[in-house]
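Chemist: Using mature numbering (1 follows the signal peptide of the UniProt record, and there is no 0), the letters of the sequence shown map in sequence onto residues -19 to -1, 1 to 1140.
These aren't lab readings, by the way, just hints derived from the structure by calculation.
Nothing here was measured: the structure is a model prediction, and the numbers come from that model.
Check before you lean on any hint, since a few could be wrong.
In silico BS3-like cross-links for lysine-lysine, where the CA-CA straight-line distance does not exceed 27 Å [as the list claims (entries may be wrong)]: (1) 37 - 221; (2) 37 - 314; (3) 420 - 452; (4) 314 - 453; (5) 565 - 472; (6) 37 - 457.
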Amino acid sequence: MIKAIYILVVLGFATESQCLEFTIGGLLSSQNALNGFEKMVTSIRDSVFDDIINFKAAGEILALNALKATNQVCDLFNSSRGRMFALVISHPNGAPGSPPLSVSFTCAFYHLPVVGVSARHSIFSDKYSHGSFLRTVPPFSSEAAIWVDLIKAFGWREVCVIHSDDHDAKRVLSYLESASQRGMEFKITRQVPINTDEEDAAQMKDFISLLQPVRNEQTRVILLFLRRKFAEYVFLAARKLGMLEAEWAWIVTEQALDASNIPNGVIGVRLLQASELDHVADAVRIVTQSILHLVRADYDAMKHLDSVKTCSDIPSEIQSKSRGYGRLAYSWKDYASKLFREMISMNLTDGRTGRLEFDEYGDRINPIYDVVNAQLTNHEISDSSSQKSFEFERPTLVSVGSYGLPQPTPMEWTSDEPYPSLLSINFSKLVWPGNSVVKRRQMVCIQRNSDGQCHKTEKRLVHATPISFKKKTHLKVVTIESIPFVHTRPKLNGKCNESDDTSVVKAEVECTHTDPVTGVKKSYCCYGYCIDLLRLLANRTGLELTPTPFTYDLHLVGDGQIGDAGENETHKWTGIIGEILSGKADLAVAPVSITPERAARVEFTKPFKYLGITILVKRERAKSNLGSFLQPFESSLWVLVALSVHVVAFVLYLLDRFSPFGRLNTKLKPSENDNNTYLTLQQLTSKKQASDSNSLVLLNSHANNSRKDEGINLSGAVYFAWGVLLNSGIGEGTPRSFSARVLGMVWAGFAMIIVASYTANLAAFLVLDRPEALISGIDDVRLRNPQKDFLFATVRGSPVDMYIKRQVEFATMYRVMETSNYDSVEEAIQAIKSGSLKAFIWESARLQYEVSLDCELITTGEVFGRNSYGLVMKKRNPWLHELSQAVLNFHERGIMETLDTAWIHLKSNNCERTESSPATLGLTNMAGVFIMIGMGLVAGVVLTFVEVLCVKRKGEKKKRIELSTAAVQQWRDAVHRRKNERSLKAPNQQMRFCYKSISSEDTNKQSVEEEEEEMKDQLHSPTAYSQNNSSHKECVSNKSDLSVNTKAEQCNVDDDSFITKTNTCRKRKAIDCSNGDNAFSDTPASFDFYTSNNFNHFNENVCITAYHCSSRCNKVNVVDDKQDGKVDNDYYVDSDKFRRGVNHAVKISNINSNIISSV
């Protein structure tokens, strides 16, 4: 190809006689490299026409001093006489990189292209400082891509990086982190930077202290990116810490492979065919071919173009002019840039170091690497289970694979087979630290189909790699005090109630707490739901087939928080999550809610507790007061019922009072000879004479039958109305009139409805009464439309708070409750108990525990916002899968339900059961009824005493009146007696006589004036008694000879009656007018007989009611029938033989028929 280019150039410019000379400078690491450089330039020059194009080599051995290296560049400029177009540079392996840097800076200033053949530092990729530099070797930082593929091939999930602090290490870390975030399923657990600027690293760093944290970690894969010198210090410290034994894996950079104490089992990569002479040859080819391309493109410019002649030249002012027509000017800066672009676009497929390509930064891409493994070839290889230690012997680097782009490129691949991978590893050749191999049974593909897909697999024992982590059997466990999951108490007597038996529930575990401010450490005893769960997880013997037990150190989180991202630039997590991320704790066994924010940073096991959010309120107790039995009716209804009772009673009284049928009268049939005229008498009260002296027997016929049956009075009506309402027996009078009885029946129906309604409501209020919760749930109107007097809250910054904040439908609620949220659960629950907070929204597990302890608390509404608690650990923790399976096993065995019963759903017999069964009535419910009975008893006794006192007082007053009137009455009796004696002498005359009965001496009597007024009222009352009774015996008197003044001595004292007839007595039995038997009265009374002017004879069948008289006969007044107020004659009847009063039926004849029957 080169010859063809030269031929074209010669044919195009055959007319030119001047030869084009191009000088290629070289600053190489050794004389051998310098000789190879000159030979390569001469070889190319000989392959073209010497008389047209001539390539000249000018080289020196690169000085190890940066200033001298710069002076060497200037010397090359001077010797080339302005025709040096490129520079090839290399430096010894492990030598300081400052000479190539100074050369690159100088050439970049003069725009001279530089080709490096050994510069591997990534600083040369910075085109701002090294704008004209390209290299035939890749930078060391490009090994990061190979490391990522190795990690993926080995199936490692965690790595630790020990690196320098230079620019190359930064690029490596950047690539590893970006690959981890792209889903390569590995993470960098720890980074150990080492300062490589100091010359004496042994005095500058204590490598054992740097590697000690790495050893304590569970990660077992180390990526080492250091130069040879620092790698030797790291290997020495790692050997002392036992980090070069089995179960460890090391991947080192190409520089560290040259360490004198490289341990066996490490893996590294190095460039294939990386000899300096091969890279120098490829560099010369890149330069010469690029120059020839420019000559063909612009011969005149390349012919007259001058480069830098001395270091004193200004690059922007270096210009050349052609000698032809127009004398065109050519700028060195422009053509130097064209030459550099031509060089980085060059693609050599047949280079000595393989395919040679460059990226936009001038770095070689797609190089071929060898994957090497340091092995002790003179020692027997053992498996990982049996390890042997040997004295140090430098191992041999054995190729176990390759990495790079095979031939042809993927674009040129035409085979039906899948394109081979960049990385190929022979696992059977791998030897790991401790001179061990790892074998593991894995599923391998034994047959593939035509599409390359695995058709058949089989589990075989194959060579494998160590796992990238080691399960720690002693874990640092963190928890937090959160009732009922974790209880704490001070450690007393230096010990806790611990138990190694996992079947023992509620055993204690020693735990510590370190104050984050003061650093004071205190010991506690922890117990609870999570503590029992931790004990079960640590010792699962008998619960699983192949459990991995572990020990632990338990401590309480320092800041007392579950964890949240801090409000700062770094968003550092606090609490339990922060300790897990920082490595202070390996495992968290605590009530940590699984949220998206937390799950993005830490790993959760399968949930050990499923729960949700509910609302805690204070129980509303039924208020049973003394008036509980009045609750069925409202106060207004009770008032109406009481008013109705008295209104109905009053109306009943009026109806019975004014109705014509409100009274029942007893009448006697008149005889055939009578004129059917009835004498109406006023019933008078009587009193039995205490003395056995003579008594006046009053004529009275059938007293009870002739007595009037009066209607109901007002007090009786009231009693009747209350009796009907209260369903009590009616022992007194009832309404007599039809209208009143109709009203009574209506009232009875009303009373039945009222009583039935009261009974039904009483059962609802007292028997089936249930206290209602203050709110019905999260959808209650008092939460959705908050009021000022109804406070509700949650814990500030908690997952519940975040949940409510995220829900759009709770936006109004959150705005109200945001300012009233509490800092802890305990504060909120205490506020509920005190009544300052009406509702507390929190996780259901804690609230159910509080309800089981306090009967005054109750949860209300349905559970919402379903959530769960999980164990917390770092991402890809080796315990994650095993502990998740253990939790699932506990759920299947019912162990979690046992923990729920023991710690959350406590059974308390102190609280009243509030199921659907009816509640029983107590004294508090019916106390008012008993108090009402007591009040009635007291009122009855008090009223009895009042009545006795009133009667006694009235009796004393009446006695005084009777004593005063007794003397007056005796005097009046004497006067009337004398008048009667005189009046008896008068013959037949018209008379109207009046009979008055005065009680004996021991009978209380009102004054004469009061008696007269009383008699007057009685005589004018509308009552009248009459009855026809044919069976009555008659006492017949003589019509012609009637003696009014007859002595009664002739009558037997036991006779029931006397009959005046011709001064003789006849014994007759008297029949009571009303009841038909003898009736005796102890009440003194009086009655009058009114007759007409024609006093010829008495009518028959006159029923007269008489009462007991005194031993002295009473006065009989005969008055004028004309009722002119003038007394015509007075008649007296005297009898000393009357002993008792009886009721008589007397038939009196020969009285004028015009007797008045009613007054």
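Chemist: Of the hints given before, which are not true for this structure?
Modeler: The structure breaks hints 1, 4, 6; every other hint is satisfied.
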